Amino acid sequence: MLHTPSTEAQACAVVASIVAARVPLAIRGGGTRTGLGRPDNAVSTLSSAGLTGITLYEPAEMVIGARAGTPLKLIEETLAERGQMLPFEPMDHRAVLGTEGEPTIGAVAAGNISGPRRINAGAARDSLIGVRLINGRGELVKSGGRVMKNVTGLDLVKLVAGSFGTLGFLTEVTFRVLPRPERVVTLIWEGLSDEAAVTLLSAALGSPFEPMAAAHLPGGIGADEARTLLRLENFTASVGYRAAELARLLKRHGRPELVEGRASETLWREVRDAAVFAGTQEAVWRLSLAPSHGPRATAAIARAVPGARWFYDWGGGLIWLAVPAEGDAGAAAIRAALKPLGGHATLVRAPDAVRASVPVFEPLAEPLMRVSAGIKKSFDPAGVFEPGRMYAGV
Amino acid sequence: MSAIAFPAPDAGILARRDAILAGLSALVAPDALITSEDERRPYETDALTAYRRMPLAVVLPSTTQEVAAVLRYCAEAGVPVVPRGAGTSLAGGAIPQEDAVVIGVSKMNRILEIDYANRIARVQAGVTNLAVTGAVSADGFFYAPDPSSQLACSIGGNIGMNSGGAHCLKYGVTTNNVLGVTLVMLDGSIVDIGGGHLDAPGYDLLGLIVGSEGQLGIVTEATVRILRQAEGARPVLFGFPTSVEAGAAVAAIIGAGIIPVAMEFMDKPAIEICEAFAHAGYPMDCGALLIIEVEGSEAEMDAQLARIVAIAREHGVGTVKESRSAMETAAIWKGRKSAFGATGRIADYICMDGTIPTGQLPFVLERMDEIVKGYGLRVANVFHAGDGNLHPLILYNCNDPDEAQKAEQAGNDILKLCVEVGGCLTGEHGVGIEKRDLMTVQFNEADLHQQMRVRAVFDPRWLLNPAKVFPLEGRIAA
Ligand SMILES: Cc1cc2nc3c(=O)[nH]c(=O)nc-3n(C[C@H](O)[C@H](O)[C@@H](O)COP(=O)(O)OP(=O)(O)OC[C@H]3O[C@@H](n4cnc5c(N)ncnc54)[C@H](O)[C@@H]3O)c2cc1C
Ligand SMILES: Cc1cc2nc3c(=O)[nH]c(=O)nc-3n(C[C@H](O)[C@H](O)[C@H](O)COP(=O)(O)OP(=O)(O)OC[C@H]3O[C@@H](n4cnc5c(N)ncnc54)[C@H](O)[C@@H]3O)c2cc1C
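These protein sequences, in sequence, are chains A and B. In terms of this note's numbering, the numbers along the first sequence are unbroken and rise by one, the last being 394. In terms of this note's numbering, the numbers along the second sequence are unbroken and rise by one, the last being 478.
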């Protein structure tokens, strides 16, 4: 059964009735990311499609608030009209997941969805400053607000960011926003090995020239030659100056090509959305680790999982990995490779059977699992919201 | 002042003090356990000195394992625990209670690892904020959150309060700059949350721990982001006729797409106090001062400043004065960062910390003035203008109980005003005991119950820093 409340009060009533009936409930925004996480066994669905509209936009205060079902597209267009943007460059999962529909701002919060800018500007959770959600008691709970600096009480906003609907139904979210840069350019070096590329990215990110995004696409990923990318965003004159300084600083890696405009945008959209893995039969993983460990992790994985392909974002700290969708989709080997290095792996795309048998999110240490189960219970005592979506029992 | 209540001490615990001390002495080195009244006295308050309580004992462990042993012991004995860093909380967050053991992390003050390739540092919780920057500055790096108390305050306390500072407009506050912690939970279990990578799996427990005011566990280590310093930085003083023009200029600068690293505001009383102390060369002929700092190469700073100056001119700026040397820069920031200390030399003060939507600035400044005058008191304003985080300093005489009470009432009225206009009670200092009883102004019962239920996952018996954050009335255990 599909519920599409158009007010918070209606949504509270729906949740109360679901809780009374103890029916597992799926929460849906645009449904573009429904292939994420463990397959669910929900029999009822609560949609945010009826809760739309921007509720607050103050450009001079750098803040925007909207009902959870508001299309992300509307948010981004509204901000662009005033020369602003979401700081964290949320990825679009449609290509890699092969889904359709309009991503919603509520799901961006619920999934803590970020993109290449995350290394510099923080994740969605760093810009999410306020939420209203309905918990598993049918109560409307608010946390945070509309101001950036706010340490009043426990930061439930952070808990809700990335909880994938398991803690409650978001009705409204508020984000901090930033001005759009005057000029954006991308510097591209060709032909570097993974190690050399990560060394380059590290040197750039440790320089005063503030690259906003840093990625490496090995040869065969979107082009024959390996490409190492740095993106600069700033006032026009600064970008020119900084590009020249970076080229000088990194000259032992060769001379970079400089692209901007549409070419630069397309390149980064492909990185952001892992578009090179769109439409293939492979399983797709997302690994987060300390950047300098990236090449060692991929080397170990390549030895253990024949056919693995990858690229790096976040200066080497985010690895997008595609492997044959067979057996456990490389889960054991990938997690074993990360064990000595630290970090974690999330299975983003795989057939249902694989997602049902493999922990989609990195398994947690026992005390943290106990705490997570406790937190789930504190929001959702009857366990109706997206049961098992993140972890069995949570 | 005595308006804020503490929970009544547990007589049973007080009666068992000797046994509890004996139990603790078996767990830590002799010099780590402080029991005499004289030696406990420095721990009876923090920077909210109007309130003080003598703790049962103070323990200063040297290792995470010792912290775990002490916490486990206290949990089993049912003894409350108050975690403590450097005791610089302005909200009374580190003030103990008579039936509690203070666990201080000040001896855990080592930098464990610096990793420039990954731009992280791993430090023990008792390391001071400034020592982190100190350890990496020769190599051109820094730790971004810079509370004015940075010489003294600890990373553990910064995490406890999610502290901010003048340069947070660009670089974010503590929660945006911490990647991992080692946390000792009440039952003594030791957990690592996050680390050298971004976005730990599962619920964002790290985000929950930061700002939890010592109520969820004790942080013994942290992995923090270190950033490369800009090529140069230059603060500039902008003197405006009144705070209305200064506020409008702030909005216009942000509206023009410029985010300086810092935009700090001072009103006339604050300018006078800080200039007398720091001789920073602040303009004295203005009603409001903005300190705006820009970063980058010389040419970049010139270009950015030209834009800012043009906007300031449209808003009637009088004086514009750039720092021309490292010494001038140091003096300008010394004046701002010692605003509280300098105020303390001329009067007793309480420092408020509400945040407001910046569009409300002119209205709130005017209302605040009326509120404080209404109690027959004076106020000096310094604050982080870019993000609306106010620090009105209400001046009073602490030897006059009537004035002290009025100051507290004026503070409460101001914080209520902040919430009314869409802001919050505290932007960076934390709730502690100071704002505890105002929590119901910002949150309703469902909001608070959800927070307390999350808290109960870590501490169902209210043993961790129990006097703080949540009003004493209406508490729930799970
Ligand atoms: C196991 C797993 C792994 C994931 N991995 C990644 C990843 O690596 N990178 C990434 O960026 N994203 C990831 N996601 C997030 C993914 O985007 C969501 O699962 C997706 O379903 C939401 O996008 P949408 O608007 O199209 O919303 P939907 O697809 O309809 O919903 C997205 C998610 O958000 C939740 N949600 C939507 N609206 C609300 C609301 N109003 N209140 C509360 N919850 C809501 C849904 O329950 C769902 O979990 C992952 C999710 C899961 C479960
Ligand atoms: C002159 C002055 C200027 C200040 N300026 C600023 C400023 O600009 N910005 C700002 O944000 N704050 C400022 N403060 C407030 C204060 O310095 C900060 O709150 C600081 O982070 C407290 O650190 P501390 O080590 O002194 O912690 P404490 O005061 O000892 O403790 C603070 C809180 O954290 C908890 N805690 C401490 N250590 C741990 C731990 N290891 N694990 C778990 N919990 C712990 C305590 O229980 C308490 O609740 C200022 C204070 C003063 C006196």
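Warning: the hint list may mix true and false statements.
[To be verified] Listed next, with one range per pair, are the computed distances between beta-carbon atoms:
1) A:Gly50 x B:Leu472: 38 to 48 Å
2) A:Gly393 x B:Ile346: 52 to 62 Å
3) B:Gly341 x A:Gly50: 31 to 41 Å
4) B:Ala29 x A:Ser44: 54 to 64 Å
5) A:Glu190 x B:Ala306: 49 to 59 Å
6) B:Gly341 x A:Gly83: 36 to 46 Å
7) B:Ala77 x A:Gly53: 37 to 47 Å
8) B:Gln405 x A:Gly393: 25 to 35 Å
9) B:Pro362 x A:Gln10: 37 to 47 Å
10) A:Ser44 x B:Leu151: 40 to 50 Å
11) A:Glu366 x B:Ala77: 18 to 28 Å
12) A:Ser6 x B:Lys107: 51 to 61 Å
Since the hints were made in silico from the structure, they are not lab data. Note that the structure is predicted; figures quoted are calculated from it, not measured. All C-beta atoms, glycine included, are put in the ideal place defined by N, C-alpha and C.
Hint-by-hint comparison with the structure:
| no. | hint | verdict |
| --- | --- | --- |
| 1 | A:Gly50 x B:Leu472: 38 to 48 Å | 41 Å, holds |
| 2 | A:Gly393 x B:Ile346: 52 to 62 Å | 59 Å, holds |
| 3 | B:Gly341 x A:Gly50: 31 to 41 Å | 54 Å, violated |
| 4 | B:Ala29 x A:Ser44: 54 to 64 Å | 59 Å, holds |
| 5 | A:Glu190 x B:Ala306: 49 to 59 Å | 38 Å, violated |
| 6 | B:Gly341 x A:Gly83: 36 to 46 Å | 40 Å, holds |
| 7 | B:Ala77 x A:Gly53: 37 to 47 Å | 54 Å, violated |
| 8 | B:Gln405 x A:Gly393: 25 to 35 Å | 52 Å, violated |
| 9 | B:Pro362 x A:Gln10: 37 to 47 Å | 39 Å, holds |
| 10 | A:Ser44 x B:Leu151: 40 to 50 Å | 57 Å, violated |
| 11 | A:Glu366 x B:Ala77: 18 to 28 Å | 25 Å, holds |
| 12 | A:Ser6 x B:Lys107: 51 to 61 Å | 58 Å, holds |
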